[in-house]
Amino acid sequence: GQNIDQPTEMTATEGAIVQINCTYQTSGFNGLFWYQQHAGEAPTFLSYNVLDGLEEKGRFSSFLSRSKGYSYLLLKELQMKDSASYLCAVKGNYGQNFVFGPGTRLSVLP
Amino acid sequence: GAGVSQSPRYKVAKRGQDVALRCDPISGHVSLFWYQQALGQGPEFLTYFQNEAQLDKSGLPSDRFFAERPEGSVSTLKIQRTQQEDSAVYLCASSPGNEQYFGPGTRLTVT
Numbered sequence: 001g002q003n004i005d006q007p008t009e010m011t012a013t014e015g016a017i018v019q020i021n022c023t024y025q026t027s028g029f030n031g032l033f034w035y036q037q038h039a040g041e042a043p044t045f046l047s048y049n050v051l052d053g054l055e056e057k058g059r060f061s062s063f064l065s066r067s068k069g070y071s072y073l074l075l076k077e078l079q080m081k082d083s084a085s086y087l088c089a090v091k092g093n094y095g096q097n098f099v100f101g102p103g104t105r106l107s108v109l110p
Numbered sequence: 001g002a003g004v005s006q007s008p009r010y011k012v013a014k015r016g017q018d019v020a021l022r023c024d025p026i027s028g029h030v031s032l033f034w035y036q037q038a039l040g041q042g043p044e045f046l047t048y049f050q051n052e053a054q055l056d057k058s059g060l061p062s063d064r065f066f067a068e069r070p071e072g073s074v075s076t077l078k079i080q081r082t083q084q085e086d087s088a089v090y091l092c093a094s095s096p097g098n099e100q101y102f103g104p105g106t107r108l109t110v111t
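Residue numbers (my numbering), protein chains in the order written: chain A, 1 to 110; chain B, 1 to 111.
In isolation and in its complexed conformation, chain B is listed as follows (with noise of 0.2 Å):
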């Protein structure tokens, strides 16, 4: 069946642009998760949504980071005013229980 799918899988910004990242998950997952993964290191959490429900957004770096999944579907990760330390790869993973199931990434240069 269909994997975890990005979008845009390239993204290049201004600073101070607002930038808007999508998931889409498998289909039925209950759980969704955002990851930053800078290169060479592991990923690191950003937040977590059962459902529609965002449950731990502790990972956020700033304000300026926000995430939504309105419909317990779909999720969107935007951020505002782009400055050039969020130049990352950022993965989206979804969930039935344990393991974690990520799509391709999506590759934001700030410049």
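The following block holds chain A by itself, in its conformation from the complex (with noise of 0.2 Å):
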């Protein structure tokens, strides 16, 4: 089967560093993927990593271990904008086929 896992909810004070985890078992492994989505919008790119390390990108950095089936998003001077929800998704091995973990909600307070 296939399976990815994300906290449900996470809070954070404005400026704060932030680190949401995904963990997943799929059916092969084809790149792991991060989008944004605030809420009624649609999901942003964010990050993409196919082999294991870090990838920074301005405020966002997002890891990956493919030994352990675990990735990070890392989230840097966080900013009132940054609340939504993150999600993480695996490509597997066949076609095409996206699997998206169920999304972490962040709330980021004053």
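Check the hints yourself; a few may be wrong.
To be verified - Example chain A residues on the side facing chain B (calculated, C-beta under 7 Å, incomplete):
(1) Ala-42
(2) Leu-46
(3) Tyr-70
(4) Tyr-72
(5) Phe-98
(6) Phe-100
To be verified - Just so you have them, the derived chain A footprint on chain B, three or more residues with Cβ under 8 Å:
(7) 36-47
(8) 79-85
To be verified - The calculated DMTMM-like cross-link candidates involving lysine to aspartate or glutamate, where the alpha carbons are at most 20 Å apart (straight line), are:
(9) Lys-57(B) to Asp-86(B)
(10) Lys-57(A) to Glu-99(B)
(11) Lys-11(B) to Glu-41(A)
(12) Lys-78(B) to Asp-63(B)
(13) Lys-68(A) to Glu-14(A)
(14) Lys-78(B) to Asp-56(B)
Honestly, the hints are just simulated from the structure, not real lab data. Each residue gets a CB set at the ideal place from its N, CA and C atoms; glycine is no exception.
Assemble the dimeric complex from its two separately framed chains, guided by the hints.
Here's what the structure looks like:
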């Protein structure tokens, strides 16, 4: 089967750092993606990891360990506008099948 | 440039009615995906097209769901004899390679 786990909700303070974890068990692996989704809006692409290690992009970084089936998204210098759901998605071996996790709803407090 | 567009943005259907949801992908994107997203959940894969070919429809929940992309551009997701459990946001995404670009979605409410 295919399974992706993320914490349901997280809360952090403006200016702080937060780490959102994602663990996965999927049929094959061809990349892990993080998306941001504000309430009532479409998901927007944040990052892509296919090899182990850390990918940094401005205030956002994403880490992957394929042997552990584990990834995290690190958000630095949190801003109020970062309050959103963060979706972890894995691209499997078959065709273009993407499996999304349930999402982590992040609330940034002043 | 223009992103992925979907229409209608909102659709209310009575149980048993047929509905058609439209997706206009980003020009030149070969891959097109349909997802169903329930409130508070992540998107669930429905089907995938590469140009006009529907290569994966393993996520379609029943034979009431049908998708097409006849000319390899615009796609339509049709749901026949809608049921209350079909109420969800239907997202379309197009992709030039790896990352997907999502449309705003169609919120379907079946009463």
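Hints, one by one, checked against the model:
1. Ala-42: Holds. Min distance 4 Å.
2. Leu-46: Result: violated, 9 Å to nearest chain B Cβ.
3. Tyr-70: Status violated, d = 18 Å.
4. Tyr-72: Violated. Min distance 17 Å.
5. Phe-98: holds (6 Å)
6. Phe-100: Where the cut-off is 7 Å and the nearest Cβ of chain B is about 4 Å from Phe-100(A), the hint holds.
7. 36-47: holds (count 6)
8. 79-85: violated (count 0)
9. Lys-57(B) to Asp-86(B): With a Cα-Cα distance of about 17 Å, the restraint between Lys-57(B) and Asp-86(B) holds, given a limit of 20 Å.
10. Lys-57(A) to Glu-99(B): Holds: Lys-57(A) and Glu-99(B) sit about 15 Å apart, inside 20 Å.
11. Lys-11(B) to Glu-41(A): Within the cut-off at roughly 16 Å; holds.
12. Lys-78(B) to Asp-63(B): Distance ~10 Å between Lys-78(B) and Asp-63(B) Cα, so the pair holds.
13. Lys-68(A) to Glu-14(A): Given pair Lys-68(A), Glu-14(A) is violated - Cα atoms ~31 Å apart, limit 20 Å.
14. Lys-78(B) to Asp-56(B): holds (16 Å)
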